[in-house]
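Sequence order for the protein chains is A and B. Per the numbering used here, the first sequence starts with residue 1, numbered consecutively. Per the numbering used here, the second sequence starts with residue 1, numbered consecutively.
Hints may contain errors.
Here are the simulated lysine to any residue pairs, SDA-like style, with alpha carbons at most 25 Å apart [claimed, not checked]:
(1) A:LYS116 x B:LYS224
(2) B:LYS224 x A:GLU178
(3) A:LYS122 x A:PRO217
(4) A:LYS116 x A:TRP68
(5) B:LYS169 x A:GLN264
(6) A:LYS165 x B:ALA30
(7) B:LYS224 x A:PRO92
(8) B:LYS169 x A:TRP68
(9) B:LYS169 x A:PRO293
(10) B:LYS169 x A:LEU13
(11) A:LYS116 x B:ASP311
(12) B:LYS169 x B:ILE184
(13) B:LYS169 x A:GLU222
(14) A:LYS116 x B:PHE35
(15) B:LYS224 x A:LEU184
(16) B:LYS224 x A:PHE112
(17) A:LYS116 x B:ALA265
(18) B:LYS169 x A:SER265
(19) A:LYS116 x B:VAL20
(20) B:LYS224 x A:GLU303
(21) A:LYS116 x B:THR210
(22) A:LYS116 x B:PHE212
(23) A:LYS122 x B:LYS169
(24) A:LYS122 x B:ASP314
(25) A:LYS122 x A:GLY227
(26) A:LYS165 x A:LEU184
(27) B:LYS224 x A:PRO293
(28) A:LYS165 x B:TYR29
(29) A:LYS122 x A:SER135
(30) A:LYS116 x A:GLY223
(31) A:LYS122 x B:TYR29
(32) A:LYS165 x B:LYS169
(33) A:LYS116 x B:GLY23
Sample of chain A residues lacking proximity to chain B, with all beta carbon distances greater than 12 Å (derived) [as the list claims (entries may be wrong)]:
(34) SER66
(35) GLY102
(36) ILE137
(37) GLN145
(38) ALA191
(39) GLU222
Don't read these hints as lab results, they were simulated from the structure. In this text, a Cβ means the ideal position worked out from N, Cα and C, and glycines have one as well.
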Amino acid sequence: MDGSDIGLWGVPLAMLAGAIRVSTPFIFVSLGECLTERSGRINLGLEGTLMMGAMSAYGTALLSGSPWLGVLVAAGVGLMLGALHAALCQLPRVNDIATGIGLMLFGTGLAFFLGKPYIQPKAPNLGALDLGGWSSIPQVQQALQVNPLFIVGIVLAFALAWALKNTRWGLIVRLAGESVDAALAIGASVARVRLLATAVGGAFAGIGGAFLSLYYPGSWNEGLSSGQGLMAVALVIFARWDPIRCLWASLLFGAAGAISPALQSVGVTQGYYLFSAAPYVLTLALMIATCSPARSLRGAPAELGAVK
Amino acid sequence: MGTALERIAVSALALLASAVIFGLLLIFYAGVDPFEAYALMYQGAFGSWFSFQNTLTRAAPLILTALCTALPARLGLIIIGNEGALVLGGVAAAAAGVAVAASGPLVTHLAMAAAAMIAGGAWIALAGGLRQYRGVNETISSLLLTYIAIALMNHFVEGPLRDPSSLNKPSTHPIGDANMLGTIGGSDVHWGLALGIVACLLCYGVQRFTTFGFAMQVIGGNPKTARMMGLNVGRYVLVACAAGGAAAGLAGMVEVAAVHGKANASLAVGYGFTGILVSFLARHHPLAIIPVAILMGGIGASGGLLQRRLDLPDAAVVVLQGIIFVCILASETLYGRSWTWLWRFRAVEGR
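Generate coordinates for the entire structure from the input sequences, incorporating the hints supplied.
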């Protein structure tokens with residue numbers, strides 16, 4: 001078989017590769033958002049967290065030479081931004097949606113501000129595992145170069161789903177999201193639970209950002225994120241607040257995001273920009289299809305006021 | 001005693017707090033004297049007639065895009081699709097302007113404004129309608145619509161509407177020098193500023209003096225009560241969103257007709273996102289939007305000077321805007337708490 005020309009098969013293959021590569025930040029950000037929302041709070045600022053994570057991971061990797069240290073630092077920065085959001089939202093009368101937008105602006109601005117010196121230099125990459133060695137087709141081999149963080153994300157999704165369902169800690173998070181009264185009745189501090197859930201959710205988003213700058217696209221610049229942090233919010237709604245479904249939805253979004261470059265690579269250039277809007281159109285279509293004015297969404301945490 | 005005074009005092013406190021936070025960032029990260037930076041910012045924004053004109057020119061689209069958040073906010077909706085309505089308005093205005101360019105400036109401007117307002121209005125009304133009739137969260141949908149709008153703009157500008165002679169930066173055909181929106185007598189400030197101020201006054205008038213405006217206030221206060229009173233909430237949501245979107249679309253038209261002369265990617269430079277900030281900072285009050293937009297326009301205008309003189313990244317002004325936004329939102333918690341306590345304390349002492 002001629003290994004270099006696979007014709008139109010390139011499109012689904014590129015979408016598979018895209019699903020694996022592009023989806024990783026989606027997985028982390030949506031899992032973070034999922035955890036936060038299950039505790040009854042919404043964080044729209046994860047876009048800023050993502051950018052701060054990307055910038056701090058890149059800077060750390062550049063200065064220390066270790067990309068994995070960068071991932072760790074990104075998680076720490078995400079943790080702090082999440083905690084900041086939670087602390088602000090706990091003040092009475094402070095609107096969590098608006099605060100999220102504010103922190104999004106703040107986070108992206110701060111990332112550009114602090115990240116200015118890192119735009120030119122090249123930081124060490126995270127590297128990939130070759131899972132496509134069995135195939136002789138270079139495109140397949142390329143598509144199956146999987147970053148370890150992708151696998152970590154999958155494990156995290158299952159771990160989070162399990163923990164929410166089966167541990168005491170998960171029960172308390174769900175109680176904070178479903179019924180404040182019930183949480184108080186078992187003696188849990190709702191404020192502290194939400195603070196922790198938002199902070200840990202921010203840490204996940206920070207790791208997602210680290211993937212952006214340290215693996216794919218793999219450099220730090222101001223156009224790095226194309227709204228993944230915000231799309232994650234819609235994605236969690238689409239996934240009905242279930243970590244496992246967040247994983248599938250992230251893969252779907254990754255594939256949708258890969259449509260337009262894939263079509264371009266096989267010579268379809270018409271409507272490039274229209275296809276690039278595919279993930280957003282998809283999200284909107286899904287929200288229209290799944291929302292209803294009469295009842296709240298199935299699976300929605302009852303204390304989550306933002307999603308009525 | 002004075003809720004207006006309380007509003008101004010709390011906002012001033014929040015601005016002061018953000019100035020301190022930004023100043024600390026300047027000292028510890030960039031090693032820059034914050035007082036020097038603020039002096040430069042003042043100079044770059046309001047220091048000379050030249051810089052003040054630059055500030056006012058930047059304020060014009062901010063006033064119009066801020067209305068896109070402020071009007072629906074009256075009904076309790078948080079719309080953040082301002083940027084999308086602006087870029088679509090700009091593209092629609094350019095298309096209409098090119099189509100009727102031969103019929104003189106007045107017709108061209110009217111056609112451009114109408115096309116821009118329809119495009120922007122329909123776009124945001126879509127978000128409002130989805131909220132009202134399908135229960136889709138309007139904040140998220142309007143943001144998604146922004147990304148879709150930017151993709152549409154890129155599609156039109158590089159595809160069907162592209163001027164083949166625009167090589168480096170794909171653009172629509174120019175509307176022609178004769179059809180450019182002029183400047184306000186003797187200055188470099190274009191008429192977009194006047195349009196914005198008129199729009200704010202109009203919105204204030206409607207909100208303050210008409211039953212329509214009163215009904216909006218009732219709905220914003222309590223939608224259930226409004227429904228029980230027999231108000232058609234959906235209609236108000238659609239009208240407020242359409243009007244807000246039309247204002248943002250008009251901002252796009254102004255950018256095309258007074259600044260660029262054609263539609264291209266320069267439309268999406270963040271006026272819409274800063275407009276959200278302006279609206280929140282003005283507490284969604286149409287008249288307060290005007291000074292706040294001028295302040296934000298000034299911060300934006302001073303970015304270049306900070307970059308040249310102090311070697312600060314151009315994102316410095318975005319950071320400051322973000323800090324201001326967060327501080328203003330956090331300051332909401334001060335309302336009616338320590339402040340009223342202070343007043344009561346004063347009143348007791350005065351007796």
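Cross-check of the supplied hints:
1. At roughly 50 Å between alpha-carbon atoms, LYS116 of chain A and LYS224 of chain B are farther apart than 25 Å, so this suggested pair is violated.
2. Simply put, LYS224 of chain B and GLU178 of chain A have alpha-carbon atoms about 23 Å apart, close enough for the 25 Å limit, and the pair holds.
3. Distance hint between LYS122 of chain A and PRO217 of chain A is fulfilled; the C-alpha atoms sit about 12 Å from each other, no more than 25 Å.
4. Of the pairs offered as hints, the one joining LYS116 of chain A and TRP68 of chain A holds, with about 22 Å between alpha carbons and a cut-off of 25 Å not exceeded.
5. A distance of roughly 20 Å separates the Cα atoms of LYS169 of chain B and GLN264 of chain A; the hinted pair therefore holds under the 25 Å criterion.
6. Taking the CA atoms of LYS165 of chain A and ALA30 of chain B, the gap is near 47 Å; set against the 25 Å cutoff, the hint is violated.
7. The suggested pairing of LYS224 of chain B with PRO92 of chain A holds, with an alpha-carbon distance near 23 Å, which does not exceed 25 Å.
8. Annotation: proposed proximity of LYS169 of chain B to TRP68 of chain A is violated, straight-line Cα distance about 39 Å (limit 25 Å).
9. Distance restraint check for LYS169 of chain B and PRO293 of chain A: the Cα-Cα separation of roughly 44 Å exceeds the 25 Å cut-off, and the hinted pair is therefore not satisfied.
10. With a C-alpha separation of about 33 Å, the suggested pairing of LYS169 of chain B with LEU13 of chain A is violated against the 25 Å cut-off.
11. For the suggested pair LYS116 of chain A and ASP311 of chain B, the alpha carbons sit about 11 Å apart, so the restraint of at most 25 Å is met.
12. With a CA separation close to 29 Å, the supplied pair LYS169 of chain B and ILE184 of chain B exceeds the 25 Å bound.
13. About 19 Å separates the Cα atoms of LYS169 of chain B and GLU222 of chain A, which keeps this hinted pair within 25 Å; it holds.
14. Only pairs whose Cα atoms come within 25 Å are accepted, and LYS116 of chain A paired with PHE35 of chain B is accepted, the gap being roughly 23 Å.
15. Restraint check for LYS224 of chain B and LEU184 of chain A: not satisfied, since their Cα atoms lie roughly 29 Å apart, outside the 25 Å limit.
16. With a C-alpha separation of about 44 Å, the suggested pair LYS224 of chain B and PHE112 of chain A falls outside the 25 Å cut-off, and the hint is violated.
17. A hinted pair counts as satisfied when its Cα atoms are at most 25 Å apart, and LYS116 of chain A with ALA265 of chain B qualifies at roughly 23 Å.
18. With a C-alpha separation of about 23 Å, the suggested pair LYS169 of chain B and SER265 of chain A falls inside the 25 Å cut-off, and the hint holds.
19. For the proposed pair LYS116 of chain A and VAL20 of chain B, the alpha carbon gap of about 22 Å is at most 25 Å, so the pair holds.
20. With a CA separation close to 20 Å, the supplied pair LYS224 of chain B and GLU303 of chain A stays within the 25 Å bound.
21. A hinted pair counts as satisfied when its Cα atoms are at most 25 Å apart, and LYS116 of chain A with THR210 of chain B does not qualify at roughly 51 Å.
22. With a C-alpha separation of about 49 Å, the suggested pairing of LYS116 of chain A with PHE212 of chain B is violated against the 25 Å cut-off.
23. Pair hint LYS122 of chain A plus LYS169 of chain B does not hold up; C-alpha atoms about 28 Å apart against a cutoff of 25 Å.
24. Distance check on the hinted pair: LYS122 of chain A and ASP314 of chain B sit about 22 Å apart at the alpha-carbon level, within 25 Å; holds.
25. Only pairs whose Cα atoms come within 25 Å are accepted, and LYS122 of chain A paired with GLY227 of chain A is accepted, the gap being roughly 24 Å.
26. Between LYS165 of chain A and LEU184 of chain A, the direct Cα distance comes to roughly 19 Å. Compliance with the 25 Å bound is thereby established for this hinted pair.
27. At most 25 Å may separate the alpha-carbon atoms for a hinted pair to count; LYS224 of chain B and PRO293 of chain A meet this at roughly 14 Å.
28. Simply put, LYS165 of chain A and TYR29 of chain B have alpha-carbon atoms about 44 Å apart, too far for the 25 Å limit, and the pair is violated.
29. A distance of roughly 31 Å separates the Cα atoms of LYS122 of chain A and SER135 of chain A; the hinted pair therefore is violated under the 25 Å criterion.
30. Distance check on the hinted pair: LYS116 of chain A and GLY223 of chain A sit about 13 Å apart at the alpha-carbon level, within 25 Å; holds.
31. As the CA atoms of LYS122 of chain A and TYR29 of chain B are separated by approximately 22 Å, the hinted pair is consistent with the 25 Å bound.
32. With a C-alpha separation of about 53 Å, the suggested pairing of LYS165 of chain A with LYS169 of chain B is violated against the 25 Å cut-off.
33. A threshold of 25 Å between alpha carbons decides the hint, and for LYS116 of chain A with GLY23 of chain B the separation of about 19 Å falls inside it, so the pair holds.
34. The claim that SER66 of chain A is not at the interface with chain B holds, since no C-beta of that chain comes within 12 Å of its own (minimum 23 Å).
35. For GLY102 of chain A, the non-interface assignment is contradicted: its Cβ lies about 4 Å from the closest Cβ of chain B, within the 12 Å cut-off.
36. With a cut of 12 Å on Cβ distances, ILE137 of chain A stays outside the contact zone with chain B, its closest approach being about 32 Å.
37. Distance to chain B confirms GLN145 of chain A as a non-interface residue, since its nearest Cβ pair spans about 28 Å, more than 12 Å.
38. At roughly 14 Å from the closest C-beta of chain B, the C-beta of ALA191 of chain A stays outside 12 Å, upholding its exclusion from the interface.
39. With a closest Cβ-Cβ approach of about 8 Å to chain B, GLU222 of chain A is found to fall inside the 12 Å limit, against its non-interface label.
The structure is inconsistent with the numbered hints 1, 6, 8, 9, 10, 12, 15, 16, 21, 22, 23, 28, 29, 32, 35 and 39, although it conforms to all the rest.
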